[in-house]
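Listed below are the residues making up each chain.
2 protein chains.
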Amino acid sequence: MPTQFDPPSGTRDFLAAEYEKREWAFGVLRSVFASYGFEPLQTPAFERLDVLLGKYGEDADKLVFKILRRGEHEASGEADLALRYDMTVPLARVAAAYGSQLPTPYKRYAIGPVWRADRPGRGRFREFVQCDLDILGSPSTLADAEVLAAHHDAMIGLGLTDFTILLNSRQVLSGLLEVFGVPPQLGSGVLISLDKLDKLSPDEVTAELAGRGLPGTIADDLVTAMTATDAEDRIRAALKDSEVGQAGVDEVDRLLALVAGQIPATRIAFTPRMVRGLSYYTGPIWELAAAGVPGSVGSGGRYDHLIAQLGGPDVAATGTSIGIERVLMLLAGDQAAGRGRLDVAVTVLGDDLAADSFALASAGRAAGLRAGVYLGGSGKLGKQIKWASDNGARWCLIYGHAERATGEVTVRDLTSGEQQQVPAGEVGGYLAARAGDRSA
Amino acid sequence: MPTQFDPPSGTRDFLAAEYEKREWAFGVLRSVFASYGFEPLQTPAFERLDVLLGKYGEDADKLVFKILRRGEHEASGEADLALRYDMTVPLARVAAAYGSQLPTPYKRYAIGPVWRADRPGRGRFREFVQCDLDILGSPSTLADAEVLAAHHDAMIGLGLTDFTILLNSRQVLSGLLEVFGVPPQLGSGVLISLDKLDKLSPDEVTAELAGRGLPGTIADDLVTAMTATDAEDRIRAALKDSEVGQAGVDEVDRLLALVAGQIPATRIAFTPRMVRGLSYYTGPIWELAAAGVPGSVGSGGRYDHLIAQLGGPDVAATGTSIGIERVLMLLAGDQAAGRGRLDVAVTVLGDDLAADSFALASAGRAAGLRAGVYLGGSGKLGKQIKWASDNGARWCLIYGHAERATGEVTVRDLTSGEQQQVPAGEVGGYLAARAGDRSA
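Top line first, the protein sequences correspond to chains A and B.
The first sequence begins at 28 in the numbering used here and counts up by one.
The second sequence begins at 28 in the numbering used here and counts up by one.
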């Protein structure tokens, strides 16, 4: 395939099978989200440049696809618009624009492409779908619980059961830094190192902490507490001495209790060492880990005040993001497969028979089946039956001059090879009945 | 609403009701297209600049949104990518890229946004959805018939019946120019003027034709033949003297005969004066006119060779484009409306009751209903019932300390105002049964 016919670097063409699989998954997600009373939101592919830039720092700004001004301004080489980088900045704009028209709290989901000029790689694209579920305007842990339970149900809906939700809280992390005596200025660096305990050995993390200037005894104590077989108990005990830490533990326990009926205990665990890197989280945080997949397949948490920082109103907020591109890679390809393009394929064995053949296909569609006529140039029956078979049809309707003479159609079952003569006017009913047999 | 929170000029935010209406319509289209054995195709939002530019002339190129190069190249002010302008250029690229992997003929549909830097206006957007249905690789009139019948069925599926398909053929137009003696160099201009017979008076069109340099008698003859009450008969008779014209009439008649069982004769008419402005059409052409809508709500035709001109292989092609944004404006807003956000709204009347309330909502979802808990800050029952009602819920589940003491839930029917005590463990079954009653 010559390079010039590829889609642009980091983007993909979705032909039928892949498209159907994705649409199936998006449909499952929409349905789960709706069952919780979340409503959809769709914003434009691009935003004004000033809405997008400067929201997540310089590194993020570099990944923004900017759109050149048009007409007489094109020569300036300046941009005035940019492709959507995530779903949260548009959410902040929408919250500012439609405030009173939106329900309170505003429970919305967004499923759609975002664009980032990242270096393309395995599983990393420049155009990819984000799937976000958020509640604006409720500080209640019940809101966190709804988001988390909906995320869980979405995974189950997609047929995935082998995953774990790692649950923690920013307050727990603050408490940890406090009770272990981590100097405040080292706090965020220490958390970043602790987050690596799932990839690095305890000794490596201890060394990294020391490298950050953390006194060796503190580093030792922290890593030992975090990696002990009774780590959770140790941390719970230690945090009793920290007001903020204990508040975090209480919040985690409350959230665990709320979702207990919905999320099996084997699939969710308080994980004190889990640190979401993003500094905007203000309460519970979580990450989904799936068997055999490095990194997370979804994450979220409470992010009060972020909407204000992004240009929206200052509202309490919590949300989750389903790593749908990764999840799609986990799915077997057969959700929508196993179906051919057609149920009923109709031969066209002469120009003078074409109108009748076309009407037979219509009758098939009227019976609720997918039906089409042969559009190729061969008048040979064998070729046309091969076309029917190549398109996965269950039946081939053979209609030649002999059939016209008797007012019948030869219905060939392409699975069994059996043929039956059916009066032309009764083909729709015959196929509908047979289709019912099959699915029953 | 401050200007800076608007979506960019010419684009729209789709909140829940509008989104649901659009998704409903797209779902109808997908289902109709699949019933004919068309398969979906989705290509990236942007293409390489050289793929897009120079395909439809300079005026079209000016409407292309170009994407600035990134990183060190950003300062050059140059673009290397551009947002999709239509669905046909990407189709040509896909046909070139995946040729042998695609079925022959390739029957595909594409529904998705395109972007044009047009001056925004009433019903004219810079981001709008195009819905295209095409068959590549079949020169057969049966392919034109499938496309046309599927377009018709899509309109019916959307609930629209008051529309007419104006059918013509490029060969008919060529024959007309021939038999009325129009000088070849005036041909395309004459057709453009004749196309205005639906908006201008015959005299105005005659004058415009004269202005183009067409001898007055020819202009008179042409306009008289086209606007006579027996125009179709006159044109049919006149075209008997033109080989190409008669071939066009035969093709139109063949197409009419093929779709006769599918499209009522009242909804399709041979319309010799209908000229699709686009020069790339090579066979039958059609346009859909809907009552009360100026311009067309869809159009298409055969366009052999265009795919090659757009950079793809030289294949026979026919297709149709549903003017879905215009069609959506014709649709009543109530396809997906009349539904609230929730079926079941659950009170939260105390922190100690929250987990039970959350579980009640889960039971509602397990019964196939949309259910959520109260996330607001008020502990007052009246406020919570108002919230339930505001969200369109059919039932409010009231669960306070009194209910907990008896292990029951008060189920309030928000339509009738009736209340019933139901054992907490039986709420799901109770709601499922009641929901069944309602829909039965």
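Keep in mind that a hint or two might mislead.
Copies of the same chain are indistinguishable here, so a pair counts whether it falls within one copy or spans any two.
[As the list claims (entries may be wrong)] With a straight-line Cα cutoff of 25 Å, these simulated SDA-like cross-link-like pairs (lysine to any residue) come out:
| id | residue 1 | residue 2 |
| --- | --- | --- |
| 1 | 82 | 443 |
| 2 | 267 | 278 |
| 3 | 223 | 57 |
| 4 | 223 | 255 |
| 5 | 48 | 140 |
| 6 | 407 | 205 |
| 7 | 48 | 126 |
| 8 | 413 | 271 |
| 9 | 48 | 446 |
| 10 | 413 | 248 |
| 11 | 407 | 429 |
| 12 | 223 | 273 |
| 13 | 82 | 247 |
| 14 | 48 | 291 |
| 15 | 410 | 145 |
| 16 | 89 | 75 |
| 17 | 410 | 166 |
| 18 | 407 | 218 |
| 19 | 48 | 66 |
| 20 | 413 | 166 |
| 21 | 267 | 445 |
| 22 | 407 | 131 |
| 23 | 82 | 104 |
| 24 | 48 | 61 |
| 25 | 410 | 54 |
If you're looking for bench data, these hints aren't it; they were derived computationally from the structure.
Here the structure is a predicted model, which means the values were calculated and not measured.
Exercise. How would you classify residue 223 and residue 273 at a CA-CA limit of 25 Å: within, between, both, or neither?
Worked result: Within one copy, since 24 Å is at most 25 Å while 78 Å is not.
Problem set entry | Copy assignment of residue 223 with residue 57, given that the CA separation must stay at most 25 Å | neither (34 Å within a copy, 46 Å between copies)
Exercise. Can you tell me if residue 267 and residue 278 fall within 25 Å by alpha carbon in one copy, between copies, both or neither?
Worked result: Within one copy only: 14 Å inside a chain, 86 Å across chains, cut-off 25 Å.
Exercise. Are the CA atoms of residue 48 and residue 61 at most 25 Å apart within a copy, between copies, both, or neither?
Worked result: both (20 Å within a copy, 15 Å between copies)
Exercise. Given identical chains, is residue 410 near residue 145, meaning Cα to Cα at most 25 Å, within a copy, between copies, both, or neither?
Worked result: So residue 410 and residue 145 fail the 25 Å test inside a copy (48 Å) and across (48 Å) alike.
Exercise. With identical chains treated as interchangeable, where does the CA-CA distance between residue 413 and residue 271 reach 25 Å or less: within a copy, between copies, both, or neither?
Worked result: neither (71 Å within a copy, 36 Å between copies)
For this session: Please work out whether the CA atoms of residue 82 and residue 104 approach to 25 Å or closer within one copy, between two copies, in both situations, or in neither?
Result: For residue 82 and residue 104, both the intra-copy (23 Å) and inter-copy (23 Å) Cα distances are at most 25 Å.
For this session: Measure nothing new, just compare the shortest in-copy and cross-copy C-alpha distances for residue 48 and residue 66 to 25 Å and report within, between, both or neither.
Result: both (23 Å within a copy, 13 Å between copies)
Problem set entry | Homomeric proximity label, residue 89 with residue 75: Cα distance no greater than 25 Å | For residue 89 and residue 75, both the intra-copy (16 Å) and inter-copy (20 Å) Cα distances are at most 25 Å.
Exercise. Using 25 Å as the alpha-carbon threshold, which applies to residue 410 and residue 166: within, between, both, or neither?
Worked result: Answer is between: at 18 Å across copies they meet the 25 Å cutoff, but 66 Å inside does not.
Problem set entry | Intra- versus inter-subunit Cα pairing at 25 Å for residue 413 with residue 166 | This pair counts as between: shortest inter-copy Cα distance 20 Å, intra-copy 62 Å.
Exercise. Are the CA atoms of residue 82 and residue 443 at most 25 Å apart within a copy, between copies, both, or neither?
Worked result: neither (62 Å within a copy, 49 Å between copies)
Of the numbered hints given earlier, the model fails hints 1, 3, 6, 8, 9, 10, 13, 14, 15, 18, 21, 25; all others are met.
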